[in-house]
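Participant: Whenever a hint applies, use it, and build me the whole structure from the sequences.
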Amino acid sequence: MKNNEIKHSEPLFHISKRADIVWWKAWLVRLGAIVLALFVSAVLTVVLTGENPLDVFSSLIKGAIGTNRRIWVLFQNTAMLLCVALAVTPAFKMKFWNIGAEGQALIGAMATAAVMIKLTDVLPPMLLIPTMLVASIAAGALWGLIPALFKAKWNTNETLFTLMMNYIAIQIVSYFSGEWAVPKGSGKIGIINGTNYEGWLPAIGGKNYLLNIIIVAVITIGMYVYLKYSKQGYEISVVGESQNTARYIGINVKKVIIRTMIISGALCGLAGFLLVAGTDHTVTRDTIAGRGFTAIMVSWLAKFNPLYMVLTSLLIVFMERGAIQISTSCGLNNSFSEIITGIIIFFIIGCEFFLNYQIKFREKEGK
Amino acid sequence: MSGNAAIELKNITKTFGPIVANKDVCLTVNRGEILSILGENGSGKTTLMNMISGIYFPDHGQIFIDGEEVVIRSPKDAFDYKIGMIHQHFKLVDVFSATENIILGLEQKGKFNLKEAAAEVKKISEKYGFDIDPLKKIHEMSVSEKQTVEIIKVLYRGADILILDEPTAVLTPQETQKLFAILRRMRDDGKAIIIITHKLHEVLSLSDRVSVLRKGEYIGTVNTFETNEAELTEMMVGKKISLNIDRSEPVKPEERLVVSELNCINREGIKVLNNVSFTAYSGEILGIAGIAGSGQRELLEAIAGLQSLNEGSIMYHDPKTGKEENLRNKTPLQIRDLGVRLSFVPEDRLGMGLVGSMDIIDNMMLRSYRKGKSMFLERKAPKDLAKKIIEDLGVVTPGATTPVRQLSGGNVQKVLVGREISAAPTVLMAAYPVRGLDINSSYVIYNLLNEQKEHGTAVIFVGEDLDVLIELCDRILVIGSGSVAGIVDARSTTKEEIGLLMTKSKTEEKEGA
Chain L
1 MKNNEIKHSE PLFHISKRAD IVWWKAWLVR LGAIVLALFV SAVLTVVLTG
51 ENPLDVFSSL IKGAIGTNRR IWVLFQNTAM LLCVALAVTP AFKMKFWNIG
101 AEGQALIGAM ATAAVMIKLT DVLPPMLLIP TMLVASIAAG ALWGLIPALF
151 KAKWNTNETL FTLMMNYIAI QIVSYFSGEW AVPKGSGKIG IINGTNYEGW
201 LPAIGGKNYL LNIIIVAVIT IGMYVYLKYS KQGYEISVVG ESQNTARYIG
251 INVKKVIIRT MIISGALCGL AGFLLVAGTD HTVTRDTIAG RGFTAIMVSW
301 LAKFNPLYMV LTSLLIVFME RGAIQISTSC GLNNSFSEII TGIIIFFIIG
351 CEFFLNYQIK FREKEGK
Chain E
1001 MSGNAAIELK NITKTFGPIV ANKDVCLTVN RGEILSILGE NGSGKTTLMN
1051 MISGIYFPDH GQIFIDGEEV VIRSPKDAFD YKIGMIHQHF KLVDVFSATE
1101 NIILGLEQKG KFNLKEAAAE VKKISEKYGF DIDPLKKIHE MSVSEKQTVE
1151 IIKVLYRGAD ILILDEPTAV LTPQETQKLF AILRRMRDDG KAIIIITHKL
1201 HEVLSLSDRV SVLRKGEYIG TVNTFETNEA ELTEMMVGKK ISLNIDRSEP
1251 VKPEERLVVS ELNCINREGI KVLNNVSFTA YSGEILGIAG IAGSGQRELL
1301 EAIAGLQSLN EGSIMYHDPK TGKEENLRNK TPLQIRDLGV RLSFVPEDRL
1351 GMGLVGSMDI IDNMMLRSYR KGKSMFLERK APKDLAKKII EDLGVVTPGA
1401 TTPVRQLSGG NVQKVLVGRE ISAAPTVLMA AYPVRGLDIN SSYVIYNLLN
1451 EQKEHGTAVI FVGEDLDVLI ELCDRILVIG SGSVAGIVDA RSTTKEEIGL
1501 LMTKSKTEEK EGA
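Quick mapping for you: the protein sequence lines, in order, are chains L and E. Residue 83 in this note's numbering is what sits at position 83 of the first sequence, and the numbering runs on without skipping anything. Start counting at 1 in the second sequence, then tack on 1000, and there's your number in this note's numbering.
These are computed hints drawn from the structure, not numbers from a lab. One or more of the hints may lead you astray.
[To be verified] Computed, partial: chain E to chain L, Cβ under 8 Å:
hint	residue
1	Thr1331
2	Leu1333
3	Pro1346
4	Asp1348
5	Met1352
6	Gly1353
7	Leu1354
8	Gly1356
9	Leu1366
10	Tyr1369
11	Arg1370
12	Met1375
13	Leu1377
14	Ala1381
15	Tyr1446
Backbone N, C-alpha and C fix where the C-beta goes; we use that ideal spot for every residue, glycine too.
Facilitator: Shown next as structure tokens:
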């Protein structure tokens, strides 16, 4: 009687955690996610513009690697995103949710620009770039140190704190954009030292961005070694996994938090330096262009492994560049490229769910 | 099918990923009967009960209640079939009274009638002999009182199939006896009672029949009056093992750790240690017995330098130099720098003693990574140590680079104890080192502690199983509400004596207040 109505009530599917997944299967899932993302973007583009989907994909690839210059831009953007991602990694590994990379990098950029504007005529040319470098690193480190100190002393919430520090940095840049505007009243700092190129990072072999890329490559390897083979990196892992264990073996947790955030902030500051001295030669509120947040995703997707981050940052920048090209060639504005980037990132992150869980469907009745 | 089977399980299977928690388990519980489900940790007892109470859904198999097949999808379904489960961890609202907790979640029309409910609670209490004040707030209650509330809660909802998950784990021997008397009364009233446990003597004294699970498989059911401890152990473990612990006489005991008048007030302002004084000698095992949460953790952490103290001293006598050092309020690092070889196996293995996501080698390094001036890690020595521990203690693992989180409880503990012992400690503290371990692993740990004792280490062992404490230790310190209720000679004491001491300080406190 009662049986019959509830007999078939087993849920259609249920979700269970995966024990383990073979590496090639994991990459297959990720690849599938990208293909699916491209498919959805293509459908969307076709519906909205009526273009041939194959054209859409070809503009995506053209946008990313269509010309020599675009390839260089791709690598430069990847390097910058990677640099910020490397910066946030030690903090995230320590489970210190530093979402203030944007501000830390921006204040580093501001410090670089300030040295260029105010000290070009004062310092001997040899010392200008080193001073810019030191100023940017110090500024970024300070921006990382402040929330760390409060966290260590009063256990404040670092997520809110670092987020708020972003706005302070943005407002400082806004203020000086008015103060040091060229021409006066434009509200923009404009290209600094555009005539004598003082404080501009030199081109190597005629390639403007090569130095930036090399510097970030060195930092990548350095960060990998630091996290994996150094005692400090080991302490970061222990503190991140369990503060109780850290206390138990006598690690000074506060010291590790402060030290790690100084490193994180300093590297962000360095990213700001590379952006101003290496590519932009000016500073605006948008100099960092959201990299401080995208970097978190890069770091997380790579499971905090600096070597994998090269791939994840390249992937994201590739898609972004391609999406921009799609909007241009279809005559759409920038928002459309952001929609496509959003779709792609959604699928890339979404596929992590299928790497950690599997879905089991109800078995057929009457076996 | 027997006529009065209250609940019957047929071929129940449940898997979690690759792990088979239950495989083709069949069980029958009759009305007016107490059935024990016996099995080691990880044998699938709790999973099985969770399927009856609607928390999990079985992959295969059938459940019959009063001879009719049913599907239990949620705890609410279970209630409708009058099944009530009393979990190991209580699910009560601290600031509510007993009655409020009991009627919480019941769907009733109109206003709650608390008075009526309290009267009903009183009636149930009288019927079965519970001793409870329906208006008392949960946070003012002892563990045993809270358990009583949980039991009344399911009775109030009309349950006549009761499942109790390890109900005696948190009780003193006296409280256990009281609970058993109540359970017998319920049985005589015609209720079907299932009790999950891994304590053999409880099974023998309480239940009518015993069903044994081993590694998720159903081994068999026996009548209690026809069986004995040895047979049940064999069913549980799968082979005959001897349950004796060799206890040697302490050799040349010397004062190693003299703890005097420790007082500690925790963050909430509660006095967790109250004038604790004792001496730990070299070459002996000092047991610490007490109801969980009576200050054991704070005491060990204070000695290890993890808990700051308000008063008192912890004098360490160095066996080599003969010097005395006060360890009070020193950090773990400072203690080590003094040359004190103090090892500590904390209660929370993966949350304090080890890092779950790291492999065995990196976990070995926790104690030693600072060695040397280089800023880089040296992984050779920890790797050798990991290999040695895996071999010597028989750690079952795919390799030294397996994250310890993936190991079973017993193997995790071997890794932790192995590391702590490898430092050749002069003082070894172990908090609940066999909790959650199977019998074989437990005996490995007991033997390791005994070995340390023979090497002249002062061993401090916080345990929960009084039978083990009495067999293993030389002296037993009984702690209650943060104060020392007494120190007894383990060779001459009885469980009853320790049980009385465990509750002594509590009653004194009440009288004093």
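Participant: Next step is simple, just say for each hint if it's right about the structure.
Facilitator: We went through each hint and held it up to the structure:
| no. | hint | verdict |
| --- | --- | --- |
| 1 | Thr1331 | 6 Å, holds |
| 2 | Leu1333 | 4 Å, holds |
| 3 | Pro1346 | 7 Å, holds |
| 4 | Asp1348 | 7 Å, holds |
| 5 | Met1352 | 4 Å, holds |
| 6 | Gly1353 | 7 Å, holds |
| 7 | Leu1354 | 7 Å, holds |
| 8 | Gly1356 | 7 Å, holds |
| 9 | Leu1366 | 5 Å, holds |
| 10 | Tyr1369 | 6 Å, holds |
| 11 | Arg1370 | 7 Å, holds |
| 12 | Met1375 | 5 Å, holds |
| 13 | Leu1377 | 6 Å, holds |
| 14 | Ala1381 | 14 Å, violated |
| 15 | Tyr1446 | 24 Å, violated |
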